[in-house]
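**Q** Spelled out from the first residue to the last, the chains are:
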Amino acid sequence: MEVLEQGIGRLFTDPDADKAREFFRKKSRKMENKLMTLKDAIAKYVHDDDYLAIGGFGAIRTSVAACHEIMRQGRKKLAFCGHTSTHDFQILSAGKCFNRLDIAYIIGLEARGLSTVARKYMESGEVEVTEWTNYCLSARLKAATMGVSFVPVRNIMGTDTFKYSGAKKIKCPFTDQYYVLMPALYPDVSVIHVHEADVYGNSRIRGITISDLDLARASKHLIITTERIVSTETFRNEPTYTSIPFYLADAVCEVPFGSYPGNMPYEYFSDEDHLGEWLKMEKDAEAFEKFLEKNIYSCKTHFDYIRKNGGIERMWELRAKELMVNNHAE
Amino acid sequence: MADYNAMEMMICIAARELEDGSTVGVGTGAPCATAMLAQKTGSPNLTIMFEAGGIAPLLPEMPISVGDSRTTWKAVMASGMCEIMETACRGMLDYTFLGGAQIDMYGNLNSTRIGDNHQKPKVRFPGSGGANDFGSFAWRMMVMTPQDARRFVEKVSYITTPGWLEGGDSRAKSGLPLNSGPYKIITNMAVMDFEPESKRMRIISINHGYSEKDVTDNCGFELLKAPRIIETSPPTDEELRILRDEVDPLKLVIGR
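Protein chains in written order, with my numbering: chain A, 1 to 330; chain B, 1 to 256.
Calculated from the structure, these hints are not laboratory results.
Among the hints, a few may not be true.
Claimed, not checked - Simulated crosslink set (PhoX-like; lysine-lysine; CA at most 25 Å straight-line):
id, chain 1, residue 1, chain 2, residue 2
1, A, K321, B, K251
2, A, K283, B, K225
3, B, K251, B, K225
4, B, K155, A, K280
5, A, K280, A, K308
6, A, K44, A, K76
7, A, K77, B, K122
8, A, K39, A, K19
9, A, K163, B, K155
As the list claims (entries may be wrong) - Chain B is faced by these chain A residues, among others (derived, beta-carbon under 8 Å):
id, residue
10, A111
11, G125
12, T145
13, V148
14, V151
15, T209
16, I210
17, H274
Ideal placement from N, C-alpha and C gives every residue a C-beta, glycine not left out.
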């Protein structure tokens, strides 16, 4: 198949399916207890220079707790998957944790506005970028999930998004139509926040899955953070509802409210006041340093962070907001 | 005549374009308000889709994110990115609304950067997100944006999302799905479509209170003109009532 055009963006991971198979050949399939603290999981599985992906959708079912821990442990020079990354991107930019970036959506927090710190970092020239779109990155994860080195898609042709991507354009040998090939993306490590998991890593996600079913399968290492640990019988009784089977997971960390201040579908809504505070504090470098010290660096766990921002009472309010019920909270 | 602001007007005009029984892929803000208004006026069977996976929610209020819990409130399905984009690529997404920092005469959109150095841009924007995907796949792409010469430019710094590319048949030749593409551009001053042969933007109607000169003065490139330019039919009292009381009572979008 002849390559007709190709993007100039660099690939930060190897799409080779046989090399990936060699890795997965050695990955443990044992159904064993993988419960550990988030601190230990990040220390064990997230290393400098790794390619990292965070599940969810920026501030929805995102493992904010893991982003804080990565920042606290001072990870640097990561490559990052910017697949509608919003609050996660804001945190990791504040820590300057990455220097290579696959971009679909960065800097912004959707309707809330743009992150000053993330924008400054992206305009500094310190980060090497390759452009994609949300679907491009989903398709790249899907290719990895399929165990193949690429999948064809029909977007981005004729645009600068293609020019600055790492994609290649070809002609279909069946129909003579043009397609762009999305190279498989096998992240070194990803963190996905779920509603329920057992100690082996069997997991359930409620609500939209975004690209996480593929992300879980495409990733070499997978850390599950979960709102709650449940029994394995939960899965065995209703196997239809399992989103992620145990052999994909390397670590399971119970982190209640782990997506706070983001939204966790059916559990709690986003804390818009606190996300607004992030956007506001970023505008003053000195105040922002104090803000990070208070909310991230000085916190031992995600519980500390939640205690400092309204504690269980605030979670109760956000739960009512999520379910749209009146609990007489402000 | 009813009193209304530019945002209210654009939303009311755009909502009339969404025919009953069709599908629309929307983002937060004005596009979402438009789809909600269409459902409460002429198109009760309009299906709303969100790129993160929400399908046909009964939106109780304006979402903050295209993936937040409101996008699946009483939805028929909570799916994922591939489900939505594959549906669009298969040819079952009729409409989408997109925006950007810049738009050119062929409806190409820039939401990525200003400046030429890609690795160290003068101004960096969020990028495509799902915009290029929806803009590549939807049968009809529409834009709602203020009419401003800094926004309507001769050449965009970067084509994030394809319009008619270089006009003529260049979009089809590129390999993008046949017969998909920009449809209407709705601004505070006018409604534009694209001349069928050249695919250049052209004025088809002028909004009440503005002149043709206002439109051309606030556009950085030469606009074509339809054979007969009419006055855009203004928002009705009923449209405005529903928009204000039922769609956006907190004025999150129409208060801008």
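**Q** So if I understand the rule, the pair passes when the alpha-carbon distance is 25 Å or less; does K39 (chain A) with K19 (chain A) pass?
**A** With Cα atoms ~30 Å apart, K39 (chain A) and K19 (chain A) exceed 25 Å; violated.
**Q** Please work out if K44 (chain A) and K76 (chain A) have their alpha carbons no farther apart than 25 Å.
**A** holds, 15 Å
**Q** Was the hint right that V148 (chain A) lines chain B, CB cutoff 8 Å?
**A** violated, 15 Å
**Q** Please work out if K280 (chain A) and K308 (chain A) have their alpha carbons no farther apart than 25 Å.
**A** holds, 18 Å
**Q** Could you check if T209 (chain A) really has its C-beta closer than 8 Å to a C-beta on chain B?
**A** Given a least distance of 4 Å, the restraint on T209 (chain A) holds.
**Q** Holds or violated: K163 (chain A) with K155 (chain B), Cα cutoff 25 Å?
**A** holds, 17 Å
**Q** When you check the alpha-carbon spacing of K77 (chain A) and K122 (chain B), does it fall within 25 Å?
**A** holds, 23 Å
**Q** Given I210 (chain A) as an interface hint, is its Cβ closer than 8 Å to any Cβ of chain B?
**A** Holds, because the Cβ-Cβ distance from I210 (chain A) to chain B comes to roughly 5 Å (cut-off 8 Å).
**Q** Given T145 (chain A) was flagged as interface, is its beta-carbon under 8 Å from a beta-carbon of chain B?
**A** Hint violated; T145 (chain A) Cβ to chain B Cβ min 10 Å, cut 8 Å.
**Q** Decide if the proposed pair is consistent with the structure: K251 (chain B) and K225 (chain B), CA atoms, cutoff 25 Å inclusive.
**A** Violated: K251 (chain B) and K225 (chain B) sit about 35 Å apart, past 25 Å.
**Q** Checking one constraint from the list: CA of K283 (chain A) to CA of K225 (chain B), max 25 Å. Satisfied?
**A** violated, 45 Å
**Q** Check whether the Cα positions of K321 (chain A) and K251 (chain B) lie no farther apart than 25 Å.
**A** holds, 19 Å
In the structure shown, a violation is registered for the earlier hints numbered 2, 3, 4, 8, 12, 13, 14 and 17, in ascending order.
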